[in-house]
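Asks: Below are the chains, spelled out letter by letter.
Number of protein chains: 2
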Amino acid sequence: MLLVQKYGGSSVANAERIFNVAGRIAESYDKGNDMVVILSAQGDTTDDLVAKAAEINPNASKREMDMLLSTGEQQSVALMAMALNKLGYRAISLNAMQVGIDTTSAYSNAKIKTISRGRIEQELERKNIVIITGFQGVNKFEDITTLGRGGSDTSAVAIAAALGADLCEIYTDVAGVYTADPRVVKDARKLDEISYTEMTELASLGAKVLHTRSVEVAQKYNVKLVVRSSLTKEEGTVVKGDCNVEKMLVSGVASDKDIARISIEGISDEPGKAFEVFSLLDKNNVSVDIIIQSIGRDRTNDISFTVSKDELNHVMKALEENKETIGAKQISFDDSMAKVSIVGAGMATHPGVASLMFEALYDADVNIAMISTSEIKISVLINEKDVDNALIAIHDKFNLATQSLRKS
Amino acid sequence: MLLVQKYGGSSVANAERIFNVAGRIAESYDKGNDMVVILSAQGDTTDDLVAKAAEINPNASKREMDMLLSTGEQQSVALMAMALNKLGYRAISLNAMQVGIDTTSAYSNAKIKTISRGRIEQELERKNIVIITGFQGVNKFEDITTLGRGGSDTSAVAIAAALGADLCEIYTDVAGVYTADPRVVKDARKLDEISYTEMTELASLGAKVLHTRSVEVAQKYNVKLVVRSSLTKEEGTVVKGDCNVEKMLVSGVASDKDIARISIEGISDEPGKAFEVFSLLDKNNVSVDIIIQSIGRDRTNDISFTVSKDELNHVMKALEENKETIGAKQISFDDSMAKVSIVGAGMATHPGVASLMFEALYDADVNIAMISTSEIKISVLINEKDVDNALIAIHDKFNLATQSLRKS
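Chains as they are written, first to last, in our numbering: chain A, 1 to 408; chain V, 409 to 816.
Among the hints, a few may not be true.
What the hints assert, rightly or not - Listed next, the in silico DSSO-like pairs over lysine-lysine satisfying Cα-Cα at most 30 Å (straight line): (1) A:52 with V:460; (2) V:470 with V:665; (3) V:470 with A:52; (4) V:717 with A:86; (5) V:519 with A:140; (6) V:519 with A:86; (7) A:62 with A:317; (8) A:220 with A:62; (9) A:140 with V:494; (10) A:111 with V:494; (11) A:140 with V:793; (12) V:470 with A:31; (13) A:329 with A:273; (14) V:535 with A:283; (15) V:641 with V:535; (16) V:641 with A:52; (17) A:140 with V:521; (18) V:717 with V:681; (19) V:460 with V:717; (20) A:273 with A:283; (21) A:127 with V:460; (22) V:494 with A:283; (23) A:283 with A:309; (24) A:257 with A:283; (25) A:86 with V:470; (26) V:725 with A:86; (27) A:397 with A:208; (28) V:494 with A:323; (29) A:52 with A:62; (30) A:111 with A:257; (31) V:494 with A:309; (32) A:52 with V:535; (33) V:494 with A:52; (34) A:329 with A:257; (35) A:86 with V:731; (36) A:317 with V:494; (37) A:113 with V:548; (38) A:62 with V:494; (39) V:439 with A:62; (40) A:52 with V:616.
I should point out that these hints are in silico values taken from the structure, not numbers from a laboratory.
Based on the sequences and whatever the hints tell you, model everything.
Replies: Take a look at the structure:
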């Protein structure tokens, strides 16, 4: 069968780990599979390159950042091909230009539009193991783009979709998808299966095991995903369309510390003011998460919203420059926030779920700053320092460790 | 005017040096020049990547080596564009795929075939300073190739030729072309001018100031070259067609320690045997330098030739595998050799030059292992440890420090 595998940066951090991964790839190849492998940059390579750029220009253009960062993956794939050759296997590395991974123009946050099958299939016909750079693509200007944080997962799923692969295995440093972060919640339980929809929410809420976009793409093209560890032989978690095995109200709890809250106070209460704020953010290519508008004093409104921490300076600058146009009295931010969320397919029809979550937080003495809900998730914004306590309290309150359905 | 500048790896080794170079580029841009800049990889980047590859696979394929090494230049150009942006200048970085630098297929030693002007000219029209990766190209398989040691010089000259640039400035860590390596020969003198032909010989004989191919390309397309320091404002050395200023017999002395000698002993004295040896080397894409065939014992021949040290393992392997076909009794090597050469346009017509050189070596107590001569150069192979003494002795014997014409 045609197998797509993706290995993250920690799995290829040094020569020893590269050979560990090469061994796994070779094992799958020896079973007669056609193999396409997507890699991230080695270990801290991306962080090191970001630091190097920051030393030169803290406001470096995203185009040049992508040009710089994309070299990390190119190094990984070349080294992996060398390792496989060393083990006696035919292998070839390809970057995004060589494969033909076309993306939108948005540097540092591009979306994959199309993937050419030609070169990959040609190399597979030659019995090569094909090693492809994750995280990157090429836009219509023939410039290199990157797909944003964790984008290699999306590369893998999109390539699997384009090739019609039988399975896409995402290898990581944990054994699968857990009901909570096992490093924080000791009795967190690994799920055997999870649906695309729940996985999307869990991922977007900070469960770092899979990149949100990758699950969306998997769902759209019905790519069968498995999340598993590159260090053990343990079975992972299958992510797919129908999941009847886990009939739980809440399938997991996730946290995201990469949250900054921005508050715009004293906006005059006229139509179109909120639109002005968010069209400005859109123009600056900023993804906004939770938004809350509340009524302030003297016929003015306050708007609060969250962005990722690395967007904070950028957003504050854009807002300050347009303070007049927006008509805001004051713009402030808080970068010590975190988001804790619960996800579950059955949640919407069980109003008691929210109150149970809030009870858990109250028991754990955790203040809630903002609340946001959807069909299958409830998120709260709390102080960063309270995250671990909150996770443990919620995981416990919903009995996630024992798989039993909590009556609400 | 249209100015092409090339800066080597040591000129962009860290943030401070990158800004130094950015300042120089900006200065030329402010004078109203259209600027195209070619960069090498930062400092030890290439060596570090080579070491990384060697740890994984000492016999890594050249294709994968090129894929790996080409990332070094891509990092430099992105960082330089960021630095120029920081100084308030418009700049854009481009790699070989984006420019369209087409090369032959020979990985790690490719030759540039054509360069597309489209993207570069488009960026120049937008008033961008265009920063291009040196050392690399793309072959007909859409694979990344590299141009071999010092290939960035060739990239710069070829791009200058393709664009019809008014001048190509090669910035390096020395002030120009010297009569000998100034680090070894204390009274070595900087030349104001040198002809393409002499420069080609000097470069190919180990004067590291310019890559041989780059001078050949400059001569072919009549590109005016200047070699100068990136650290001072000093005038450099002009390399051009006609040079009447320096009427010296010998214009310089150069050494190359990257030499290994291979000896094939006891080849049967039949026609075609030498052809067999060198067609084998050609098939393995090995550049051979000095070749000497001598008559051995029992109607057999000995063939000795030199290759660069990094080719040694590769060549020995190919030879050992074909020992039977070649019909050789023994194949041996010596990797402690070095080549010392003198270059001068008037040399061929002055037979005394060679004997003067040998006298200098005799005075300095240096043994000569092999000799090779051409129209404008004489090379000797000596022991690596004797190189500095040989250089000083020859430089002195030909009075190169005082610019006077030595009577032979």
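Asks: If a hint holds in the structure, say so; if it doesn't, say that too.
Replies: Structure-based check of each hint:
1. For the hint linking residue 52 of chain A to residue 460 of chain V, the alpha-carbon distance of about 20 Å falls within 30 Å, and the restraint holds.
2. Restraint check: the Cα-Cα separation between residue 470 of chain V and residue 665 of chain V comes to about 23 Å, which is no more than 30 Å; the hinted pair holds.
3. Using a Cα cut-off of 30 Å, the hinted pair residue 470 of chain V and residue 52 of chain A holds, with the two alpha carbons roughly 28 Å apart.
4. Proximity of residue 717 of chain V to residue 86 of chain A is assessed by CA-CA distance (about 22 Å); at most 30 Å being required, the pair is judged to hold.
5. Between residue 519 of chain V and residue 140 of chain A the CA atoms are separated by roughly 29 Å; this keeps the pair inside 30 Å, and the hint holds.
6. For the proposed pair residue 519 of chain V and residue 86 of chain A, the alpha carbon gap of about 28 Å is at most 30 Å, so the pair holds.
7. Taking the CA atoms of residue 62 of chain A and residue 317 of chain A, the gap is about 16 Å. The hint holds against a cut of 30 Å.
8. Distance restraint check for residue 220 of chain A and residue 62 of chain A: the Cα-Cα separation of roughly 28 Å lies within the 30 Å cut-off, and the hinted pair is therefore satisfied.
9. Pair hint residue 140 of chain A plus residue 494 of chain V holds up; C-alpha atoms about 26 Å apart against a cutoff of 30 Å.
10. With a C-alpha separation of about 28 Å, the suggested pair residue 111 of chain A and residue 494 of chain V falls inside the 30 Å cut-off, and the hint holds.
11. This hinted pair does not check out: residue 140 of chain A and residue 793 of chain V have alpha carbons roughly 56 Å apart, beyond 30 Å.
12. Using a Cα cut-off of 30 Å, the hinted pair residue 470 of chain V and residue 31 of chain A holds, with the two alpha carbons roughly 28 Å apart.
13. Distance check on the hinted pair: residue 329 of chain A and residue 273 of chain A sit about 13 Å apart at the alpha-carbon level, within 30 Å; holds.
14. The straight-line distance between the Cα atoms of residue 535 of chain V and residue 283 of chain A is roughly 25 Å, inside the 30 Å bound, and the hint therefore holds.
15. Simply put, residue 641 of chain V and residue 535 of chain V have alpha-carbon atoms about 26 Å apart, close enough for the 30 Å limit, and the pair holds.
16. A hinted pair counts as satisfied when its Cα atoms are at most 30 Å apart, and residue 641 of chain V with residue 52 of chain A qualifies at roughly 28 Å.
17. With a C-alpha separation of about 26 Å, the suggested pair residue 140 of chain A and residue 521 of chain V falls inside the 30 Å cut-off, and the hint holds.
18. Proposed proximity of residue 717 of chain V and residue 681 of chain V is supported: the alpha carbons are some 24 Å apart, at most 30 Å.
19. For the hint linking residue 460 of chain V to residue 717 of chain V, the alpha-carbon distance of about 19 Å falls within 30 Å, and the restraint holds.
20. Simply put, residue 273 of chain A and residue 283 of chain A have alpha-carbon atoms about 15 Å apart, close enough for the 30 Å limit, and the pair holds.
21. For the suggested pair residue 127 of chain A and residue 460 of chain V, the alpha carbons sit about 26 Å apart, so the restraint of at most 30 Å is met.
22. Proximity of residue 494 of chain V to residue 283 of chain A is assessed by CA-CA distance (about 22 Å); at most 30 Å being required, the pair is judged to hold.
23. The hinted pair formed by residue 283 of chain A and residue 309 of chain A meets the criterion: a straight-line CA distance of about 18 Å does not exceed 30 Å.
24. Proximity of residue 257 of chain A to residue 283 of chain A is assessed by CA-CA distance (about 25 Å); at most 30 Å being required, the pair is judged to hold.
25. Of the pairs offered as hints, the one joining residue 86 of chain A and residue 470 of chain V holds, with about 13 Å between alpha carbons and a cut-off of 30 Å not exceeded.
26. Restraint check for residue 725 of chain V and residue 86 of chain A: satisfied, since their Cα atoms lie roughly 16 Å apart, inside the 30 Å limit.
27. Our distance criterion of 30 Å between C-alpha atoms is met by residue 397 of chain A and residue 208 of chain A, whose separation comes to about 23 Å.
28. Taken as a hint, the residue 494 of chain V and residue 323 of chain A pair is honoured in the structure, with Cα atoms around 25 Å apart against an allowance of 30 Å.
29. For the proposed pair residue 52 of chain A and residue 62 of chain A, the alpha carbon gap of about 14 Å is at most 30 Å, so the pair holds.
30. Taken as a hint, the residue 111 of chain A and residue 257 of chain A pair is honoured in the structure, with Cα atoms around 24 Å apart against an allowance of 30 Å.
31. A hinted pair counts as satisfied when its Cα atoms are at most 30 Å apart, and residue 494 of chain V with residue 309 of chain A qualifies at roughly 23 Å.
32. Of the supplied pair hints, the one linking residue 52 of chain A and residue 535 of chain V holds, its CA atoms being roughly 26 Å apart against a limit of 30 Å.
33. This hinted pair checks out: residue 494 of chain V and residue 52 of chain A have alpha carbons roughly 14 Å apart, not beyond 30 Å.
34. With a CA separation close to 28 Å, the supplied pair residue 329 of chain A and residue 257 of chain A stays within the 30 Å bound.
35. At roughly 25 Å between alpha-carbon atoms, residue 86 of chain A and residue 731 of chain V fall within 30 Å of each other, so this suggested pair holds.
36. Restraint check: the Cα-Cα separation between residue 317 of chain A and residue 494 of chain V comes to about 17 Å, which is no more than 30 Å; the hinted pair holds.
37. Under the criterion of a C-alpha separation no larger than 30 Å, the hint pairing residue 113 of chain A with residue 548 of chain V is consistent with the structure, at around 26 Å.
38. Only pairs whose Cα atoms come within 30 Å are accepted, and residue 62 of chain A paired with residue 494 of chain V is accepted, the gap being roughly 13 Å.
39. Distance hint between residue 439 of chain V and residue 62 of chain A is fulfilled; the C-alpha atoms sit about 29 Å from each other, no more than 30 Å.
40. Taking the CA atoms of residue 52 of chain A and residue 616 of chain V, the gap is near 29 Å; set against the 30 Å cutoff, the hint holds.
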